[in-house]
Amino acid sequence: MRFWEKVMKLDRRWIFLLIGLAVLIPFLKPLKLPLTITKPAKDVFDAVENIPPEGPPLLIATDYAPSTAPELDPMLYALLRQCFTSKRRVILLALYPQGAGMAQAGLDFILPEFPEAKSGVDYVFLGYQPGIQAIVMYIGEDVRLAFPTDAYGIPLDSLPMMKNIRNYDDIALIIDLAGSSIPITWVTYAVARYGELMAVGVTAVSAAQYYPYLDSGQFVGMLGGLKGAAEYEKLIKQKGYTKAREIATIGMDAQSIAHLVILFLIIIGNIAFFASKSHKKKGGPIGS
Amino acid sequence: MRNRAFTAIFLIFLFLVPSFIFSQAGIEVVAVEDTLISLPDTLSEIIAPTEINVFDTPNDAGENITITWEITEDPSGIIVGYEIFRSEDKETGYEITGFAGKKTEEFKNRTNNGVVYYYKVRAKTSDGKFSPFSVISEGAVSQPQWFHTGRINALVAVVAFVSLLLFFVSTAKKGKSLFIRRIAGLDALDEAVGRATEMGKPILYVPGLSSMSDIATIASINILGPVAKKVAEYESTIIVPNRDPIVMTVARQVVKESFLEAGRPDSFNEDMVFFLTDSQFGFAAAVDGIMVREKPATNLFLGMFWAESLILAETGNMTGAIQIAGTDAVAQLPFFVTACDYTIIGEELYAASAYLSRAPLLVGSLKAQDMGKAILVVVVVIAFICAIVNTGFSLTTHTPNAVLSKIIEFVQSWFKV
Amino acid sequence: MRRKIPLAIAFVFGIIMIIQFFIPHRISVEFYRNMLNALVIVGIFYYILAVSSLIRVHRGKIKRKKPGWGYSYVTLISLVVTAVIGVLGGAYQATRITSWFVQHFHWQIEQGTGLMVIYTYIQIPMGATMFSLLAFFIASAAFRAFKARSLTAVLLLVTAFVVMLGRVPIGALLTRRLPEIFHLTNIVEWILKYPNMAAQRGILMGIGLGMIATSLKIILGIERGYLGGGD
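Protein chains in written order, with this note's numbering: chain A, 1 to 288; chain B, 1 to 417; chain C, 1 to 231.
For the record, the hints were derived by calculation from the structure and aren't laboratory data.
There could be a bad hint or two in this list.
As the list claims (entries may be wrong) - Straight line, CA to CA, 27 Å or less: simulated BS3-like cross-link-like pairs of lysine-lysine:
#: 1; chain 1: A; residue 1: Lys9; chain 2: B; residue 2: Lys129
#: 2; chain 1: A; residue 1: Lys39; chain 2: A; residue 2: Lys280
#: 3; chain 1: A; residue 1: Lys42; chain 2: A; residue 2: Lys32
#: 4; chain 1: A; residue 1: Lys9; chain 2: A; residue 2: Lys280
#: 5; chain 1: B; residue 1: Lys295; chain 2: C; residue 2: Lys66
#: 6; chain 1: A; residue 1: Lys9; chain 2: A; residue 2: Lys42
#: 7; chain 1: C; residue 1: Lys61; chain 2: B; residue 2: Lys201
#: 8; chain 1: A; residue 1: Lys42; chain 2: C; residue 2: Lys193
#: 9; chain 1: A; residue 1: Lys39; chain 2: A; residue 2: Lys281
#: 10; chain 1: A; residue 1: Lys42; chain 2: A; residue 2: Lys237
#: 11; chain 1: A; residue 1: Lys237; chain 2: A; residue 2: Lys39
#: 12; chain 1: B; residue 1: Lys129; chain 2: A; residue 2: Lys239
#: 13; chain 1: A; residue 1: Lys280; chain 2: A; residue 2: Lys32
#: 14; chain 1: B; residue 1: Lys201; chain 2: C; residue 2: Lys193
#: 15; chain 1: C; residue 1: Lys4; chain 2: C; residue 2: Lys65
#: 16; chain 1: B; residue 1: Lys256; chain 2: C; residue 2: Lys66
#: 17; chain 1: C; residue 1: Lys147; chain 2: B; residue 2: Lys201
#: 18; chain 1: B; residue 1: Lys416; chain 2: C; residue 2: Lys193
#: 19; chain 1: B; residue 1: Lys256; chain 2: B; residue 2: Lys295
#: 20; chain 1: B; residue 1: Lys256; chain 2: C; residue 2: Lys193
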């Protein structure tokens, strides 16, 4: 019984090592597990597909930081690929200080694939402005109040794409990619107050929290964590928009194995718990 | 003196650098090209949009007209959207003013107040052709409104809630004792502070990562007061790291006042409450560092937390501290529950100031909150029963019951924003 | 007096903002916008206090040679270097100074500015590292906490099992031969949409009312804890 008691008090560094290996090995040797597409992800895809090409733009808010980039970057890449291939226009902005860097990094990553995509014509990057709630409200009035220029200092009125765009009425859809609770501000003001359509891409940790908004129809769709990103990658690939490497899909293998390891640990933990409990009941020496 | 000079020079350097530095290297300005409105072919097989209706957008600041229409039948799915044309003259001068996506039946148009506008709509197909125009709409004028009729429900709710609040506060003032259930996490605060004092180790208090406009932060600051007072009485030490500068200032003031109230203003040190960084995980890393280096005997995580909750709580668990967490971030509750000794869930956090102080005014307001919740529960249950019975009607008689449908509709209308 | 003035300000502005909510007119919108502007401006000034607090704490550590004082130098130097590079060199768009350096020293800055280089190669990997700690901590917390101690704990355990399996492709693979209703992906979707959401809504409703009550208590001056020192 000493064995199970030892397991109960297992040094957590062994657990860390197991998880580390579980994540690392599938990256070196991908398993290519099949992926099913869930409705919330399909709904985001359809909402973007419903925007007429060269019509009103899609607004992507990159409200996340480098820490959550592994989950949210693949969503940004997939959305940008979908829009640039199908000539849908994109506005990028950030309400989270580090989000502007994420948007710029995303553009730097994707633009080489689309040499014909021009800033101010096919996409506009507005940068970051402080004051989350204030900015969401300002865009409801006039986007120029919040962002007089784009991130590169060019006045919005000088950008052909922004010519007819004043406020939410002229924006087809908002997709907030967020690692925090900023989607709540978007939904409170842009959706509830201005009646804008909105979808979200969030980390797996926070996805459960957003289901009520999804069910009430306030979000038209949702991408949850790496799985959501992998589903979106599959959707745009099915439509023939891209042949690029599917980074989230590769990550899903690692996540699968990591989940299995955690489940294994929980089982072992419970066996150890019951084994040591029955031992104690029998009056065996404790910790001997 | 040197300290101040050092800080001052640094700040001047940081914030008052001459503006010429900001002048940007040459930027090419892209000229706006006027989009030409091509005169297209019309498609006779696609019917023009019908039922065009134009009106001043209700409950707005003016300068906006809403146009609605009925979508064209489109079995082959070739329609990509609708073009909206506008003129100030009913007969001529129509210009394109906007574009609405397919399956859209509404468009909001920016206007000038007091001017009469006429509209017509046509459908656009994927191959760049158009349906005939709809009939020309009636004229509409935009104007601002002074009262938001869509918010009458909110107004009634606010008035009702304030009345409840005032009623219970006055009851409490009269000295009637009101019952509050036990909240284990709040009861444990005393013990947690006492334990740290016995061990001669500091107490770590993280007031969340959000700003002062978050109610969770305000609730946390309300708990910080009594905790800091106890710390001062026990002559222990408290560490309050912050992510938001405004929260830092408020927290510092609260701790200072608490030390003053406990009669130990000399024990207060401004550096007990400090700023770390506004980067979420930078903050988590720094607090983890504090926990590992200083080994506080007690960790209190009260306020708004996001994905860093488990990183903080699990590190605290490793260092062997007694941990009390409290947040209204529902997604973070499971993490705190698994890694902390006590967790204060959701609204318990807001109730803390009443619970700890037992001030009649605050306890009274808690009662009002409970009563509000009771009313909500009753309404939700009634609507729920009506909906279930109505579904039964629909299944058996194939038509929903008119009275029940009315009740459900009425309840729903009260919860609309 | 020190108490009464802030309480009066909170009361007056609280009431005004409630009234503003019900008036859609432009005047009301303008007022709201000005208030938001004021909030943003005041918020920026507080950063001066924050940075000075950071500098003071770390100077104190260096002076008193507290354990780990060497790292305080790292913090202060990083702060100064990042600020200098950001202010002089620009954030997204290179300033004249950056352009001058690029031309004279034939530098190649892929990210456009020095600050973006710092951001890409220091900030991004450091943030990702901290976040990835979650995977390790979730495993160790699950191992420690998920024990079938009682009936409710068993329920929690089973649900966690199903959700964890169902959120990854391997779960779908395991149940692909069963009728669609028993597919793990669908079961997980159901758990998240119904039991999970019901519980969350319950908590959210309480939180919502609590928020309203707390806001009203502050406006009416019943709650004064945030002013410091209890009553």
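Outcome of the hint check:
no. : hint                : in the structure
1   : A:Lys9 / B:Lys129   : 73 Å, violated
2   : A:Lys39 / A:Lys280  : 49 Å, violated
3   : A:Lys42 / A:Lys32   : 21 Å, holds
4   : A:Lys9 / A:Lys280   : 16 Å, holds
5   : B:Lys295 / C:Lys66  : 14 Å, holds
6   : A:Lys9 / A:Lys42    : 45 Å, violated
7   : C:Lys61 / B:Lys201  : 18 Å, holds
8   : A:Lys42 / C:Lys193  : 16 Å, holds
9   : A:Lys39 / A:Lys281  : 50 Å, violated
10  : A:Lys42 / A:Lys237  : 13 Å, holds
11  : A:Lys237 / A:Lys39  : 17 Å, holds
12  : B:Lys129 / A:Lys239 : 25 Å, holds
13  : A:Lys280 / A:Lys32  : 46 Å, violated
14  : B:Lys201 / C:Lys193 : 45 Å, violated
15  : C:Lys4 / C:Lys65    : 43 Å, violated
16  : B:Lys256 / C:Lys66  : 24 Å, holds
17  : C:Lys147 / B:Lys201 : 32 Å, violated
18  : B:Lys416 / C:Lys193 : 21 Å, holds
19  : B:Lys256 / B:Lys295 : 23 Å, holds
20  : B:Lys256 / C:Lys193 : 46 Å, violated
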